[in-house]
Amino acid sequence: MAVILDLAVQGAQMALVLLLAPLLTGFVRKVKARLLRRQGPPILQPYRDIIRLLHKEVVLAHNASWLFRVAPYLIFAATWVAAALVPTFAMGLHFSWSADLIAITALIGSARFFLALAGMDVGTSFGGIGASREVMIASLAEPAMIMITFTVALIAGSTQLSNIAAFMLSREVGLSVSLGLALVALVIVSIAENARVPVDNPATHLELTMVHEAMVLEYSGRHLAMIEFAASLKLLLYVSLIACIFVPWGLAAPAAKPVAFAMGLAAYVAKLAMGAFLLSLFETAIAKMRVFRVPEFLGAAFMLGLLASLLLFVVQSR
Amino acid sequence: MLESLPLVVVALLFATSVAAVVLGRRPDVSTIVYGATTAASTILLVFGLAHLLGSAAPLTKTLPLGLPWLGAHFRVDMLSALFLIVVNLGAAAASVYGLGYGRHEHAPHRVLPFFPAFLAGMNLVVLADDAFTFLLSWELMSLASWALVMAHHRVSDNTKAGYIYLVMAGFGTFCLLLAFGLLAGADGSYGFDAMRSGAVSPTIAALVLALVLLGAGSKAGLVPLHVWLPLAHPAAPSHVSALMSGVMTKVAVYGFVRIVFDLIGAPVWWWGLVVLVLGGVTAALGVLYALMQHDLKRLLAYHTVENIGIIFIGLGLALAFEANRMPDGAALAMTAALFHVLNHSLFKSLLFFGSGAVLTATGERDMEHLGGLLHRMPLTGFAFLVGCVAISALPPLNGFVSEWLTFQAILISPSLPQWALKFAIPAIGALLALSAALAAACFVKAFGITFLGRPRTPAAERAKEVDRYSIAAMFGLTSLCVLAGIFPGFVIDGLAPAVAELMAGRMPPQADAAWLTISPIAESRSSYNGLLVFVFIAMSAMLAAFAVHRLASRALRRSDAWDCGFPDANPATQYTAGSFAQPIRRVFGTLIFSAHEQVDMPPPGSTKPARFEVSLRDPVWDAFYAPVVASVSFAADRLNVLQFQTIRRYLSLVFVTLVTLLLVLALWP
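One line per chain: the protein sequences are Y and B, in this order.
First residue of the first sequence: 0, per numbering that gives the first Met the number 0; consecutive thereafter.
First residue of the second sequence: 0, per numbering that gives the first Met the number 0; consecutive thereafter.
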């Protein structure tokens with residue numbers, strides 16, 4: 000019986016991230032528009048976009064290979080699995096031990112690997128430029144993420160997100176310089192990974208510095224829907240990640256009562272809204288940077304992460 | 000009986016070499032040779048597996064060969080058995096591949112006699128139990144592979160590659176010779192058991208470590224001794240490249256592990272630091288070098304340098320933990336290193352087979368002349384893709400598991416007491432993370448430029464899928480990559496006896512954990528389940544595809560590429576390997592390679608072509624090798640006068656030399 004309940008909670012989490020991801024994207028767009036004194040599209044617009052795209056036919060370039068057609072589903076699946084493994088409303092879900100933070104980072108890496116390949120498949124110059132810049136950004140964002148993982152894992156004594164969240168909720172954790180540095184680094188990495196301003200602009204299509212949009216330029220119909228969905232899931236993943244590590248309050252304990260789950264859910268939605276609001280505020284307040292400024296931006300995150308874990312290495316002695 | 004089996008098989012390999020010479024240019028000699036090597040390496044593979052998994056007692060055998068008072072000693076323990084598996088797995092795959100690939104060889108008589116000898120040499124290194132046999136086998140392995148590198152000696156640059164390889168191989172063996180001399184001591188007992196039981200002073204031990212790092216490190220490709228690798232590995236026929244890159248570098252790692260972890264005795268903590276720093280630098284530089292290449296085989300060879308760096312990071316951590324009596328950490332780090340040894344031998348061989356298939360189909364190694372091969376060579380393309388995902392350390396394949404284990408070993412290292420290690424290890428971890436991310440970039444480039452896009456030359460357009468033996472060899476390795484990735488617990492348990500032989504501690508057994516999860520220390524600390532991740536991704540992808548096709552639309556129309564409304568039919572408008580690497584070249588290359596781009600853009604209206612030039616400098620060559628080359632040629636110039644003397648002067652020179660030597664002898668204390 001307990002196993003069935005566990006599985007149900009795990010399934011609920013998978014469904015939850017899937018349901019909330021377009022909403023988060025829509026909310027960010029709405030808030031950004033309102034901050035610019037525009038009306039903005041309805042919050043539910045991303046759902047409509049996805050449904051509309053799903054029902055359209057796919058226009059495929061003559062020389063597109065099977066990889067181009069398989070990649071959207073693989074990217075979607077890898078991102079979905081990664082997003083569902085981050086604790087959202089409860090800790091210690093049934094399968095939470097199947098991948099730790101390093102594996103989640105690497106899963107995102109797998110999704111990106113296929114996205115970059117798909118960008119190069121048709122052999123257009125836009126696809127190439129997008130893929131080439133994406134891997135350049137990733138080559139700094141991924142190690143920065145690993146350094147953040149080191150920092151958090153050294154503080155919490157675990158790379159499992161559930162255990163990290165549980166530790167952060169306990170009284171043992173105090174204010175720490177390393178944790179602050181890791182937070183700044185994680186925010187920078189999240190912005191870069193999700194192709195947000197100032198690294199990339201999700202709203203434009205024809206700008207010379209575009210990265211993500213250039214890679215998916217050849218996609219249409221259901222394929223594009225899967226990729227857009229995956230992008231929304233990725234944004235949700237990073238907001239949940241920050242929430243789970245740095246503001247874990249409200250997360251339901253393993254095998255909790257339904258009330259606790261409901262509380263956790265409410266807290267999670269509130270955290271998402273807060274994250275989306277801060278992201279929109281940041282994006283409207285800052286200008287996009289030139290593409291070769293990005294390595295410096297991400298290099299800062301990498302160095303902050305390294306510094307944070309170095310401090311912990313030096314402090315810890317057992 | 001059982002203890003003679005590997006030696007009998009090795010003798011069979013030598014016999015195959017002789018047969019290849021005797022049979023000469025008969026048309027079916029290639030089939031005979033590769034058939035025989037396939038059989039031989041399969042037997043040795045099964046033997047190694049049976050020994051390792053059966054946890055049998057060490058087998059020893061002495062033959063009355065070699066030095067008359069010493070004989071040739073052979074021994075199979077757990078470590079030898081593990082490396083027998085690695086060597087013969089690669090050898091069996093390369094032999095099967097050779098059955099098909101060898102038919103395209105235009106000078107088979109330059110390849111066939113040396114191929115079995117090369118395999119025999121590698122097996123003998125792993126089996127050897129005294130310094131003399133070890134060095135002799137090591138040299139056999141070097142020379143046989145040198146002959147294979149020189150198989151296509153008329154191709155420009157191959158002779159230079161062969162020359163540099165020969166110099167480096169000679170240097171390496173010389174260092175190992177000195178290392179064994181120091182270990183054997185004044186009494187000169189060259190058996191490994193005597194070295195194992197004898198103790199050496201700390202100074203001598205440190206000296207031996209330095210010599211082994213030079214000797215085995217030059218064969219494995221540690222920076223700055225890696226220069227021969229990217230020249231020699233691509234020059235050989237592709238199945239030999241696979242063996243040299245995937246397997247021979249592992250034999251070098253075996254040499255390092257055997258001497259440093261088994262023969263010297265208890266390590267000192269700073270040994271770990273030295274090995275760690277070398278490993279970290281090697282990993283990061285290796286992948287950056289690889290990113291700058293546009294020759295497919297050279298890119299793979301440089302990438303071997305990176306993976307050797309990762310293996311040495313694991314070995315360095317194992318040394319540091321062992322020196323500080325932290326058996327759990329030592330076992331974990333050693334397991335990570337040995338797991339990566341196995342992984343790299345699998346996917347690097349696979350990728351070299353793939354590049355060989357591309358070479359057969361198109362006659363091209365230069366990625367700038369390829370493109371769109373996934374359509375023409377779908378099976379090779381699929382296998383190569385799996386290899387790329389595996390080597391980029393992406394879940395759920397095997398490359399990720401060994402890197403994950405290395406990261407876990409790094410995460411328990413803050414409890415090491417030494418300050419230098421505390422400062423160095425996070426930086427090494429950062430280098431490891433950086434090299435993993437850059438590896439993914441490197442293989443997006445390798446696969447994307449070679450197999451995706453539109454064909455850049457007519458040769459790439461006319462490419463055809465290769466023969467079924469090559470495909471079989473590639474798919475065999477592909478499935479092993481997937482299996483090792485989704486069932487890592489079994490591999491870790493399989494490695495455990497070899498680790499337990501070298502280290503005091505051992506990792507907890509993994510195979511009986513729920514759902515085949517691996518957890519290196521405790522489940523509350525970290526765990527990873529390759530099987531579940533694989534199943535989750537496969538199920539979600541299929542679910543999504545099914546739901547979309549069933550509930551929404553499945554309509555599909557082929558049309559021209561969109562490319563923002565300006566598709567250009569000329570394949571030269573695609574991104575090239577050089578342009579793909581440009582952002583990374585600009586970010587990292589300006590600092591490390593003094594990368595310099597020169598753009599010469601004619602004014603509007605001019606019909607002159609635009610020119611773009613990139614210049615890169617190799618910092619390692621400039622810092623370490625150029626001075627040596629310069630001083631050798633300087634000395635040669637000065638000594639040149641001695642060649643043109645009269646007979647009187649030569650006689651007086653001989654006289655002076657004799658007197659000097661006698662004086663030295665007389666004054667020697």
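Honestly, I wouldn't trust all of these hints.
Said to hold, decoys possible - Only part of the chain B face toward chain Y is listed, based on derived beta-carbon distances under 8 angstroms:
no. : residue
1   : 163
2   : 373
3   : 375
4   : 392
5   : 452
6   : 475
7   : 527
8   : 532
9   : 557
10  : 562
11  : 657
Stated by the list, open to error - The following residues of chain Y were derived to be distant from chain B, with all beta-carbon distances above 12 angstroms:
no. : residue
12  : 29
13  : 119
14  : 172
15  : 285
I should point out that these hints are in silico values taken from the structure, not numbers from a laboratory.
All C-beta atoms in this analysis are idealised placements derived from N, C-alpha and C, irrespective of residue type, glycine included.
Outcome of the hint check:
{"no.": "1", "hint": "163", "result": "30 angstroms, violated"}
{"no.": "2", "hint": "373", "result": "5 angstroms, holds"}
{"no.": "3", "hint": "375", "result": "10 angstroms, violated"}
{"no.": "4", "hint": "392", "result": "7 angstroms, holds"}
{"no.": "5", "hint": "452", "result": "3 angstroms, holds"}
{"no.": "6", "hint": "475", "result": "22 angstroms, violated"}
{"no.": "7", "hint": "527", "result": "5 angstroms, holds"}
{"no.": "8", "hint": "532", "result": "6 angstroms, holds"}
{"no.": "9", "hint": "557", "result": "5 angstroms, holds"}
{"no.": "10", "hint": "562", "result": "4 angstroms, holds"}
{"no.": "11", "hint": "657", "result": "62 angstroms, violated"}
{"no.": "12", "hint": "29", "result": "26 angstroms, holds"}
{"no.": "13", "hint": "119", "result": "4 angstroms, violated"}
{"no.": "14", "hint": "172", "result": "16 angstroms, holds"}
{"no.": "15", "hint": "285", "result": "22 angstroms, holds"}
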